[in-house]
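Q: Sequence:
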Amino acid sequence: MPAFGKVLVANRGAVAARVLRTLNGMNIPSVAVYSDADAGAPYLERASETVHIGAAPARESYLNQDALLVVLKQTGADAVHPGYGFLSENAAFAERVHGAGVHFIGPSPRWIADMGHKAKARELATRYGLPVGRGSGVLSRDEDAILGAAAAIGYPVLVKPAGGGGGIGMMPARTPEELLSAVERAAALCERAFGTAEIYLERFVERPRHVEFQILGDRYGNVAHLFERDCSVQRRYQKMIEEAPAPAVDRSAIDATAVRLADKLATAGYDNIGTVEMLMDAGGELAFLEMNTRLQVEHGVTEEITGVDLVRTQIRSAAGDRLADILPAKIAKSGHAIEARVYAEDPKRFFPSPGRLTVFRPPTGAGVRVETGFSEGREVTPHYDPMLAKVIIHRPTRERARTALMEALREFRIEGVKSNIPALLAVLDSEEFTSGQPHTGLVGEVIARKA
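Numbering-wise (the working numbering), the sequence shown opens with residue 13 and increments by one.
Quick caveat, the hints were computed from the structure, so don't treat them as lab data.
Remember, it's a predicted structure, so these values are computed and weren't measured experimentally.
Honestly, I wouldn't trust all of these hints.
Derived Cβ-Cβ restraints for the label pairs, each shown as a range [unchecked claim]:
#1 Asp358 with Ser447: 21 to 29 Å
#2 Glu419 with Val371: 17 to 25 Å
#3 Pro54 with Glu189: 49 to 57 Å
#4 Val382 with Gly296: 32 to 40 Å
#5 Asp441 with Gly347: 15 to 23 Å
#6 Ser152 with Val371: 23 to 31 Å
#7 Gly160 with Ser264: 23 to 31 Å
#8 Pro184 with Ser447: 40 to 48 Å
#9 Gly149 with Arg422: 46 to 54 Å
#10 Leu192 with Arg361: 26 to 34 Å
#11 Ala67 with Gly88: 21 to 29 Å
#12 Arg248 with Pro54: 23 to 31 Å
In silico EDC-like cross-links for lysine to aspartate or glutamate, where the CA-CA straight-line distance does not exceed 20 Å [said to hold, decoys possible]:
#13 Lys345 with Glu427
#14 Lys342 with Asp358
#15 Lys251 with Glu218
#16 Lys132 with Glu210
#17 Lys360 with Asp321
#18 Lys276 with Glu297
#19 Lys251 with Glu57
#20 Lys251 with Asp275
#21 Lys360 with Glu444
#22 Lys251 with Glu190
#23 Lys360 with Glu388
#24 Lys132 with Glu218
#25 Lys251 with Glu210
#26 Lys345 with Asp333
#27 Lys18 with Glu72
#28 Lys360 with Glu427
#29 Lys85 with Glu107
#30 Lys345 with Asp358
#31 Lys132 with Asp358
#32 Lys462 with Asp397
#33 Lys276 with Asp321
#34 Lys345 with Glu297
#35 Lys251 with Asp358
#36 Lys276 with Asp126
#37 Lys18 with Asp126
#38 Lys360 with Glu302
#39 Lys251 with Asp48
#40 Lys345 with Glu444
Glycine included, every Cβ here is placed at the ideal spot set by N, Cα and C.
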């Protein structure tokens, strides 16, 4: 198979550890970069080379494109794996990498640009024949136009950023007064976070489920799907618990949607890994939300039920291999997998809890998969996302996976910082989750019941 001579991992933490593990398994030399805050991080030992990239703030290190391009030249790496977050969906960075004669392990820059702008992504989804819920284009600053767009959609509406994600700038509005206030606040937040104040509106679905489809393409017009995940358990519009396959759904309808997505994206020429995210209402109807043109945080649950190493397939696709040579002839799913994201944060208000990990002992045992970039004694800094680890369990049935995950989380020992483990356990033990009926408002409801 075509292979890269050396891959630069342009990221940190759990995803850097994950990518380095696969690169080592493929016998591909690697370069890991690190900031002041990550010096001595345990995953750096997995890399063939390590290079200091800058100060702790992300803009001075992991978001510093010039510094990364210098590292590329100095080390002779011929490919970059961006992981998730940071520059993974930055089309300008992908273009600069290509311009330096280096491979970007991800979709073509045009796809990153097209899908990175959420309002344009909705337009493209409509053009490709995907189900898209009611929404608007990018809003002008004219109050009458804003109110008219909301009236056409119907209240309640959700104000959303056009140029970024992560829950930043997302605000529901149920009245015109709420809407105008939300638009002003959201635009200011988005300007600070993403460098653009562009926002748009979507229909606000009450208590929806968040269902997403894993896609993989190659450079030759082939696209396959690897089933779906349910990512409904969220706080502040950010995921906490993910599982595959989605529970309690119309299986034939979900499978048909997955096939349709793969066919449409093949026609459009999608050429690497990606995830199509959708909202499902109480009637089981799906509507396009966005497409992430990168590896997802929750990719591990798909790996567990399919046996496919998504990082490996992503690398091989970027290296020029065909899907027929990368994937099994028939991709089958087996059992059920659930992932919990363990964060250093208050388990009720979910504010970050930086500090030193005086005790950090992840669960062990057969069938317990832990992805982390931390070890005991390391500092959780305020400079980055406070995720400590992902705990993934795969079992023959959903109920066995659920109970095994709860056992693993109870075994996890963390001291020195607060963690969200109590909240995770409360959700996993709730009637809604146990019965396979999670929704995006479940965390708030569970916390309120425990108060």
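Q: Evaluate each hint against the coordinates.
A: How the hints compare with the structure:
About 28 Å separates the C-beta atoms of aspartate 358 and serine 447, a value consistent with the hinted range of 21 to 29 Å. Distance hint for glutamate 419 and valine 371: a CB-CB separation of about 19 Å, consistent with the stated range 17 to 25 Å. The beta-carbon spacing between proline 54 and glutamate 189, approximately 51 Å, falls within the hinted interval of 49 to 57 Å. For the pair valine 382 and glycine 296, the beta carbons lie near 34 Å from each other, so the given range of 32 to 40 Å is met.
For aspartate 441 paired with glycine 347, a C-beta distance near 21 Å keeps the hint of 15 to 23 Å intact. In this structure the supplied range 23 to 31 Å is violated for serine 152 paired with valine 371, their Cβ-Cβ distance being about 53 Å. Glycine 160 and serine 264 have their C-beta atoms about 39 Å apart, which leaves the hinted 23 to 31 Å range violated. For the pair proline 184 and serine 447, the beta carbons lie near 26 Å from each other, so the given range of 40 to 48 Å is not met.
A hinted range of 46 to 54 Å holds for the C-beta pair glycine 149 and arginine 422, which are about 48 Å apart. Judged by the Cβ atoms, the range 26 to 34 Å given for leucine 192 and arginine 361 holds: they are separated by roughly 28 Å. The hint said 21 to 29 Å for the Cβ distance between alanine 67 and glycine 88, and at roughly 25 Å that hint holds. Checked against the hint of 23 to 31 Å, the pair arginine 248 and proline 54 passes, with Cβ atoms roughly 29 Å apart.
For the hint linking lysine 345 to glutamate 427, the alpha-carbon distance of about 37 Å lies beyond 20 Å, and the restraint is violated. Taking the CA atoms of lysine 342 and aspartate 358, the gap is near 44 Å; set against the 20 Å cutoff, the hint is violated. Using a Cα cut-off of 20 Å, the hinted pair lysine 251 and glutamate 218 holds, with the two alpha carbons roughly 17 Å apart. With a C-alpha separation of about 11 Å, the suggested pairing of lysine 132 with glutamate 210 holds against the 20 Å cut-off.
Distance check on the hinted pair: lysine 360 and aspartate 321 sit about 35 Å apart at the alpha-carbon level, beyond 20 Å; violated. Our distance criterion of 20 Å between C-alpha atoms is met by lysine 276 and glutamate 297, whose separation comes to about 19 Å. Only pairs whose Cα atoms come within 20 Å are accepted, and lysine 251 paired with glutamate 57 is rejected, the gap being roughly 29 Å. With a C-alpha separation of about 28 Å, the suggested pair lysine 251 and aspartate 275 falls outside the 20 Å cut-off, and the hint is violated.
A threshold of 20 Å between alpha carbons decides the hint, and for lysine 360 with glutamate 444 the separation of about 19 Å falls inside it, so the pair holds. Proximity of lysine 251 to glutamate 190 is assessed by CA-CA distance (about 26 Å); at most 20 Å being required, the pair is judged violated. Among the hinted pairs, lysine 360 with glutamate 388 is inconsistent with the structure: their alpha-carbon atoms are about 24 Å apart, more than 20 Å. For the given pair, lysine 132 sits about 24 Å from glutamate 218 by alpha-carbon distance, which is inconsistent with the 20 Å threshold.
Only pairs whose Cα atoms come within 20 Å are accepted, and lysine 251 paired with glutamate 210 is rejected, the gap being roughly 24 Å. About 23 Å separates the Cα atoms of lysine 345 and aspartate 333, which puts this hinted pair outside 20 Å; it is violated. For the hint linking lysine 18 to glutamate 72, the alpha-carbon distance of about 24 Å lies beyond 20 Å, and the restraint is violated. For the given pair, lysine 360 sits about 17 Å from glutamate 427 by alpha-carbon distance, which is consistent with the 20 Å threshold.
Pair hint lysine 85 plus glutamate 107 holds up; C-alpha atoms about 16 Å apart against a cutoff of 20 Å. For the hint pairing lysine 345 with aspartate 358, the CA-to-CA distance comes to about 36 Å; that exceeds 20 Å, so the pair is violated. About 36 Å separates the Cα atoms of lysine 132 and aspartate 358, which puts this hinted pair outside 20 Å; it is violated. For the proposed pair lysine 462 and aspartate 397, the alpha carbon gap of about 26 Å is over 20 Å, so the pair is violated.
A distance of roughly 24 Å separates the Cα atoms of lysine 276 and aspartate 321; the hinted pair therefore is violated under the 20 Å criterion. Between lysine 345 and glutamate 297 the alpha-carbon distance is near 23 Å, which puts this suggested pair outside the 20 Å criterion. For the proposed pair lysine 251 and aspartate 358, the alpha carbon gap of about 16 Å is at most 20 Å, so the pair holds. At roughly 16 Å between alpha-carbon atoms, lysine 276 and aspartate 126 fall within 20 Å of each other, so this suggested pair holds.
Distance hint between lysine 18 and aspartate 126 is unfulfilled; the C-alpha atoms sit about 29 Å from each other, more than 20 Å. With a C-alpha separation of about 28 Å, the suggested pairing of lysine 360 with glutamate 302 is violated against the 20 Å cut-off. Note on lysine 251 and aspartate 48: the hinted pairing is violated, with a Cα-Cα distance of about 28 Å set against a maximum of 20 Å. Straight-line distance between C-alpha atoms of lysine 345 and glutamate 444 comes to about 24 Å, which puts the hinted pair past the 20 Å bound.
Hints 6, 7, 8, 13, 14, 17, 19, 20, 22, 23, 24, 25, 26, 27, 30, 31, 32, 33, 34, 37, 38, 39, 40, counting from the list given before, are not met by this structure.
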